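In UniProt numbering, the protein residues as written are 1 to 132.
Among the hints, erroneous ones may be present.
[Unchecked claim] Below, a list of computed lysine to aspartate or glutamate pairs in the EDC-like style, where the Cα atoms sit at most 16 Å apart:
no.	residue 1	residue 2
1	Lys-36	Glu-79
2	Lys-85	Glu-60
3	Lys-56	Glu-103
4	Lys-113	Glu-62
5	Lys-93	Glu-103
6	Lys-92	Glu-103
7	Lys-85	Glu-111
8	Lys-76	Glu-111
9	Lys-85	Glu-62
10	Lys-56	Glu-98
11	Lys-113	Glu-79
12	Lys-105	Glu-78
13	Lys-92	Asp-106
Treat the hints as calculated values from the structure; they're not laboratory data. Keep in mind the model is a prediction, meaning the values are calculated, not measured.
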Amino acid sequence: MFLYEKFDHSFHFPQKEQKPVCGSILYISKLAQHIKIRQRVIATAVTYMRRVYTRKSLSEYEPRLVAPTCLYLACKAEESVVHAKLLVFYMKKLYADEKFRYEIKDILEMEMKVLEALNFYLVVFHPYRSLH
1 MFLYEKFDHS FHFPQKEQKP VCGSILYISK LAQHIKIRQR VIATAVTYMR
51 RVYTRKSLSE YEPRLVAPTC LYLACKAEES VVHAKLLVFY MKKLYADEKF
101 RYEIKDILEM EMKVLEALNF YLVVFHPYRS LH
């Protein structure tokens, strides 16, 4: 079980936004498990996503695209590079639904929007040390 699954992720968001944000956290978790990404990177991605949605509304940025984009950005920030092509491959493999059909171009475009929403501040201090 991942550490972030133990916490209540709903305390910062209005009631109507809790479910999509929590669902996006599980989406990040599933993608990360299949790609074999470290826990620290996952925690960073979740933090990025939570920061984005404290500044932007769900109607501005699609959570199904923001979640993998935050994971992609967290991989870069935590020096655990995963290619966008691999991320898109697993997105399509895990979710056959049309709502999850995004291409590499979509993730790269959303990356700039996420960076702007984060004010280009990518530093995340986690409350635990890495075992590596």
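Q) When you check the alpha-carbon spacing of Lys-113 and Glu-79, does it fall within 16 Å? A) Violated, at roughly 21 Å.
(Q) Does Glu-98 sit within 16 Å of Lys-56, going by the straight-line distance between their CA atoms? (A) violated (24 Å)
Q.
Against the 16 Å threshold, does the CA-CA distance of Lys-105 and Glu-78 hold or violate the hint?
A. Not satisfied, since the Cα-Cα distance of roughly 22 Å exceeds 16 Å.
Q) Holds or violated: are the alpha carbons of Lys-85 and Glu-111 at most 16 Å from each other? A) holds (14 Å)
**Q.** 16 Å limit on alpha-carbon distance, applied to hinted pair Lys-93 and Glu-103
**A.** Holds, at about 13 Å.
Q) Is Lys-76 within 16 Å of Glu-111, Cα to Cα? A) holds (11 Å)
Q.
Hinted pair, alpha-carbon criterion (16 Å max): Lys-85, Glu-62. Please report holds or violated.
A. violated (20 Å)
Q. Within a Cα-Cα threshold of 16 Å, do Lys-56 and Glu-103 meet the stated pairing?
A. Not satisfied, since the Cα-Cα distance of roughly 23 Å exceeds 16 Å.
Q | Straight-line alpha-carbon gap Lys-85 to Glu-60, limit 16 Å | A | Distance ~25 Å between Lys-85 and Glu-60 Cα, so the pair is violated.
Q. Is the Cα-Cα distance between Lys-113 and Glu-62 16 Å or less?
A. The given pair, whose Cα atoms are some 11 Å apart, holds under the 16 Å limit.
(Q) Check whether the Cα positions of Lys-92 and Asp-106 lie no farther apart than 16 Å. (A) Holds - the C-alpha atoms of Asp-106 and Lys-92 are around 13 Å apart, at most 16 Å.
Q. Between Lys-92 and Glu-103, does the CA-CA distance stay at or below 16 Å?
A. The hint holds at about 9 Å.
Violated hints, in rising order: 2, 3, 9, 10, 11 and 12; the structure is consistent with all others.
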